[in-house]
Amino acid sequence: AQKVTQAQTEISVVEKEDVTLDCVYETRDTTYYLFWYKQPPSGELVFLIRRNSFDEQNEISGRYSWNFQKSTSSFNFTITASQVVDSAVYFCALSEGTSGSARQLTFGSGTQLTVLP
Amino acid sequence: NAGVTQTPKFRILKIGQSMTLQCTQDMNHNYMYWYRQDPGMGLKLIYYSVGAGITDKGEVPNGYNVSRSTTEDFPLRLELAAPSQTSVYFCASSYRRGGLDGSKETQYFGPGTRLLVL
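In the order they appear, the protein sequences are chains D and L. Following the numbering used here, the numbering of the first sequence begins with 1 at its first residue and continues without gaps. Following the numbering used here, the numbering of the second sequence begins with 118 at its first residue and continues without gaps.
Be aware that a few hints might be false.
As the list claims (entries may be wrong) - With a Cα cut of at most 25 Å, we get these calculated BS3-like pairs of lysine-lysine: (1) 38/D / 3/D; (2) 3/D / 174/L; (3) 70/D / 38/D; (4) 38/D / 161/L; (5) 131/L / 161/L; (6) 38/D / 126/L; (7) 3/D / 161/L; (8) 3/D / 70/D; (9) 126/L / 174/L; (10) 126/L / 161/L.
No wet-lab data here; the hints were simulated from the structure.
Chain D with its partners taken away, still in its complex shape:
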């Protein structure tokens, strides 16, 4: 069975600090997809990234970067120079199977990030 663990329940940083959100996953499949979502205080869900298991290249998008390491089953998310608007709950999720759609999506319990001014 697949499982996603986000051990950090809450993190607080001061603005402009870098912060890394950890995500560890378990799966028996060799083909799987990993996701990160952001849920700001307003409650909506924002899709951030999807990564397949065959692509271990790290990805950078502005201040966001993701580090995928199959050897440690981790898919960590780093925010550089954090801003108050980054305050949100961040979810990591895993999907098994060759299709890669969300029908077997398993979410972690989320990490509440608070960025203080």
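Please arrange chain L on chain D, whose structure you already have, making use of the hints.
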């Protein structure tokens, strides 16, 4: 584009009542999903659809039904509401091209419907 819209935003139901949560997307997406989010938890997939006329169960389908008669609409039906169905419900849609792994697929979520069953 309005994106993904959901109605109502909030609803209180009595045990045993039924209701339909509406979801509409105007992006011509083929995939649509219903999730529920319980307090302090991640999302769990209830049902999904890969196109009009095709639906399938997710992780937690019991107590719910769906239909997909058009590309745009994907309503979620609760027949006999129970307190365990108190949750926030999110609808989402995405576009996946056939034959590809969808590595560029982006999922768009609606604003959510908060449901309280008393």
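Okay, the hints, checked on the actual structure:
1. 38/D / 3/D: 19 Å, holds
2. 3/D / 174/L: Satisfied, since the Cα-Cα distance of roughly 19 Å is no more than 25 Å.
3. 70/D / 38/D: 23 Å, holds
4. 38/D / 161/L: Holds - the C-alpha atoms of residue 161/L and residue 38/D are around 16 Å apart, at most 25 Å.
5. 131/L / 161/L: Distance ~23 Å between residue 131/L and residue 161/L Cα, so the pair holds.
6. 38/D / 126/L: 20 Å, holds
7. 3/D / 161/L: 13 Å, holds
8. 3/D / 70/D: At roughly 15 Å apart (the allowed maximum being 25 Å), residue 70/D and residue 3/D satisfy the hint.
9. 126/L / 174/L: 24 Å, holds
10. 126/L / 161/L: OK: residue 126/L and residue 161/L at ~19 Å, within 25 Å.
Every hint from the earlier list agrees with this structure, and none is contradicted.
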